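So you can see what is in the structure, the chains are spelled out below.
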Amino acid sequence: MHDATHAVRRRRDLIVAAVFVALAACVPLFVKDVYAQNIMVLTLMYAGLSQSWNILGGYCGQISLGHALYFGLGAYVTAILLTKFGVLPWFGMLAGGIVSALIALALGYPTFRLGGHYFAIATIVIAEIAFLLFLNWDWAGAALGIDIMVREDSWAKFQFTRSKLPYFYFALFFAAVAWLVTWWLENSKWGYWWRAVKDNPDAAESLGVVVFKSKMGAGAISAFLTAIGGAFYAMFVSYIDPDAVMSFQFSLLISLPAVLGGIGTLWGPVLGAAVLIPVTELTRSFIGGSGRGVDLIVYGSLIVLVSLTRPDGLLGLFSRKRKVEAAR
Amino acid sequence: MSITRRTVLLGATASAALLPLAARAQAKEVVIGVIYPLSGASAQIGVDAQRAFETAADIINNKYDFDLPLARDEGLPGLGGAKVRLVFADHQADPQKGRAEAERLITQEKVCAIIGTYQSAVAVTVSQICERYQIPFLSADNSSPSLHRRGLKFYFRAAPHDEMFSKAMFDFFDALKKKGQKIETLSLFHEDTIFGTDSANAQLALAKERGYKVVADIKYRANSPSLTAEVQQLKAANADVLMPSSYTTDGILLVKTMAELGYKPHAIVAQDAGFSEKALYDAVGDKLEGVISRGSFSLDLAKKRPMVGAVNEMFKKRSGKDFNDYSSRQFMGLIVMADAINRAKSTDGEKIRQALVATDMPGDHTIMPWKRVKFDDKGQNNDADPVLLQYVNKNFVTIFPEQAAVAEAIWPMNK
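So the protein lines, in turn, are chains V and U. If you number the first sequence the way our numbering does, the last residue is 365 and the count never jumps. If you number the second sequence the way our numbering does, the last residue is 420 and the count never jumps.
It cannot be assumed that every hint is accurate.
To give a feel for the contact side, a few chain U residues facing chain V, derived at Cβ under 8 Å [what the hints assert, rightly or not]:
#, residue
1, Arg104
2, Thr112
3, Ala126
4, Tyr138
5, Gln139
6, Asp197
Residues from chain U that keep clear of chain V, each with C-beta distances beyond 10 Å, as calculated [stated by the list, open to error]:
#, residue
7, Lys33
8, Glu34
9, Tyr69
10, Glu79
11, Ala94
12, Arg109
13, Val129
14, Gln133
15, Ala180
16, Asp222
17, Glu235
18, Thr253
19, Asp291
20, Val362
Simulated from the structure, these hints should not be mistaken for laboratory data. Computed from a predicted model, the values in this text were never measured in an experiment. Don't be surprised by glycine CBs; every beta carbon is placed ideally from N, CA and C.
For reference, chain U alone in the conformation it holds in the complex (with noise of 0.2 Å):
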């Protein structure tokens, strides 16, 4: 048979016809490596962390009545109805460790993203890697402000960073002078990682900017023996408001010294992590009546989004506990880079990429009180709005911002 233009067309669309039936035929399953503590100090946040990506990847894989992207289909639609298949790795918050197990999961687990890593230090390491290997990471709970200023074109951030939390807590100041409370005074009282650092640096230059006067700037050694002297200069300055960066034990012998003092707050408005923490409010809460701290989550949701509770339990039967301000970002991570490789129709990583740039989801499609989740050029959502919890009869009800509130800030704390 001679070869004709005739048959030479028809070979080709013979091929055009069979290649989405060979790409179906691959592409059965993606598989994306998720990067955590699973061991060491912070090995519970990793294992819950497990649950959270586990609920996520059953939401995306099997069919649910839910308004999130890809619940009610099976798999990923775009690409056959492939499942996601999620590859753990553990870190040991180690920077080099997490650089180690991120070149791993993409060279011999094929991942075609990576979503991580709960400390900052690892992020760094980990999105440099992800960047060389032209891989997307998405980082679900790292706050530290610095990590999508560096010119990475792989890196992306749903959720707020410090500086936007720290925002959300002067805009709730402003929003009380207007309405007659007497706030000029703040004290800081901060950790010295990158997390308390960070935080203090944004407090810092939004009370310059807002007209407000720091009183005291303590920075005191993270898992301090005592804090005794940091808490006498606290009681001494007598702010306004108290605004303490600390993880859950630093923050736990805060507490007790305050009480052992006899120094009693106006108002304490924490950034998170301690004061997020069930174990803190477990040991002290009884002295914790009225505080507030900044979160990404709230439960209050599942009143106006009925999805965001059904969700809560799915996790809650995982783990054991509610979604809290870490696991619900961690749900969310997976839901925002599953919708992205779904649209892209493809796992190599420029057109996810290309896909998660693209993104734009509506907020109530997700379980946070986000107005929305849109990339700017940096990888950074800024539509992310943090919400401010006030700890009142044991519970936590959201205050601030008003669209999300279900209650009123009581100010100060100690009526």
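So that you can see chain V by itself, here it is in the shape it has in the complex (with noise of 0.2 Å):
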């Protein structure tokens, strides 16, 4: 694999990325409606959220359907630390990452030791426990949630009044940063073994690859990630209550651009969410407020679709090489 055309391969994906992102910053210069704003922010974080929980669910096989805790704890630790303690939300940020990745080490340890669809089904549950906690601490907000106040534009509180300028270029920021991440690991050491992990977990550690490491690692720096996305989305939103920032339904929306787009790929979580996204915003705004549930009927429609005819994501459209490298 460390032949010619793979180093190839690895510069032109930098190289699309680059331009993508260039393209992307300049697109707010033409774009001023606020709502197409808000769809574009949206599908960058998204994009971001799913290429995290990619690097765990699809890069290393453990498959988590418990990710909105992460992004639960980065949104909370951010929203917390605000209102009650005034600490600026970057520090916050931070801090939100930092105890999702040791929550995840923690509880990690036990759950890295199970199986397949044991360990999702483990992950279900935890992150449905740790719901009902917030759901009733009363100290974090308990059902009512916490409601940042946004009353002038600011930067080092991260919060602007009308503008969706600065929250952009963070969200395309953060994309970029999971995507990069990504791209780094992809070729490292981890990267090989987090594959070999997924493959066979018996036979790779029959080789030498240290599995249960391996796997720490890689729940570590997902889970970091995801809550950086969370600690936006407090940000963006101005409100968090648990419903929105730890339900089941949003671990199935972090993976899902994923799953469309092409599970452990490096493109797949950016191509699904591009898709996903403006679809699902933009049926339910134009012709979702019937009340007959139309919008949902296409979206619903369209994974089903992709699925059937893309077993393996949105990602196969583009190039039968591609596909054969990816399954490689």
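Please dock the two separately framed chains into a single complex, following the hints provided.
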């Protein structure tokens, strides 16, 4: 795999990503409508989140259906530090990421010993317990949630009353970093370990891969990045409650772009988010007002259609060669 | 021609005379945003809300002989007869989506006011966005008391909040005690989302303040598959009054479980929600003879105020249902907002806000049992009196407060 074409492909990926980021950064110069900007922010946020999920769920093959836990922790740590202690969200964001990574390690210690479906079930249960704790924890707002009042524009507090641009550029930065981390890890020792663990943990172990530790590493990195996304969400929406940031449904929303776009691939989460998020938002806004759920039918049909025709994800549409490489 | 003072004056007068004409030509339509859950678990609420708002818009835009503001005019006379147009948006019970939809309605649809939202969590984000864009927001049917205490200038609520509802219950207990009934102990039974939490907090505070003993305070997980353990605790406590705060499915399960375990409470005084839904009485109504629920609306009012019956018929034609606690509040939400826009004579957010602040609508010009509509400095109407209704012979009759009551309360419920 360490042949010339591999190096060329990696360099090409990096250049394509750089061009994408540069182009995306220019879009708000032409698209001034806040509603359209809002969709772009959400798309980038989900691209970043799904990319983070993909590190553990895609590359390492440990399907987590409880990532809302890390997302919610990032959101809660940031919001609580800001509203109760006046800590700026930039520090809150890092604190949230570190807390999430530590919790991921603590939870990974028992759960990464579970195989396949049992691991997925454990992640659902643990996230649900955390959801219930937050729902009943009065100090953290319980069911009422935390309302972050936005009075003025401030970079220090990362609050903006009407402008979406600062949020847009942060979301772009977040998605780009998540992509870059994945790009770098893909070619690292850990990247190869993860794929080996995914294919056959027993065989990998026998060949000297430190299976358990490599799972722990994937879990911590994935949780850290997901929490950064959660912190961003708290500041962007300026209100969080357990239902919005910690529900099981949100765990699914995080994994869906990666699954739809191409699980365990570099471009899958980005592509999945670019298709899914605008479709959900636009159909809800323009055909969702009828009260007949047409928008959800369209959304559901799209997912079914993709899974039937492209089981390996939307990425398969673009090049057969890439598909072969991904399968390798 | 040289420009003299006279020509300038002439020009100014002419422009001034033409101005109202121009304004009239512009404001043919007043656009109001309505944000509700139109898909997902509470979609039915949103669909019923649409019918309630359409009924209100019909009354505002056409001529009807009702004692309601704007009913006897076509459109808004203050804006040259402009018609109200509603734009509905779906928030799917998600605060993030509610926020995005509010922003879309304001920037793309150019709405001059927003009404919503059923779920209190969504009202938090929608009202924040309205504040940022200086557009008035009216909570038609959110009952969480925390909403109006956030220091927002553009937030208004014409209907009662949960503390007012709970206060009515305790006023009722006090009145019964004066008449010689024994009411000393209470059991609280509530679900764990904002609604149940707020409701129980208010009830606990009131019980302490007025000297009632809470012998059981049971919080349960919403949409619980089984309530057996909880009902056993209620049965053991056997309080003088059982006070549930539950949505429909939990309410049905509660009543069924109580019957299975043979627990017959002396009295049930419920915090609305499930206990004002037709579905609950369809399922377990036979076990609920004499149950009391709070409400903000009562069809009994039609006997005293025939207009209420006529408006209800208009709503029924659209939705196939009578007004209930929610749809009546939604209806009034649009009437109150349109009345303010009419008096503001403008679609400017700040001017509408000032008109809302100045609102003073007498109770008999509404379809509610309220004293009047007048907002305090936080945007809450404190004169929105709730009512207590008792389920007797498959019908709800108003039993409290006295000025609205049509029957004496049956107490205890299982005589």
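Task: Numbers of unmet hints, in rising order - done: 5, 11, 12, 13 and 14
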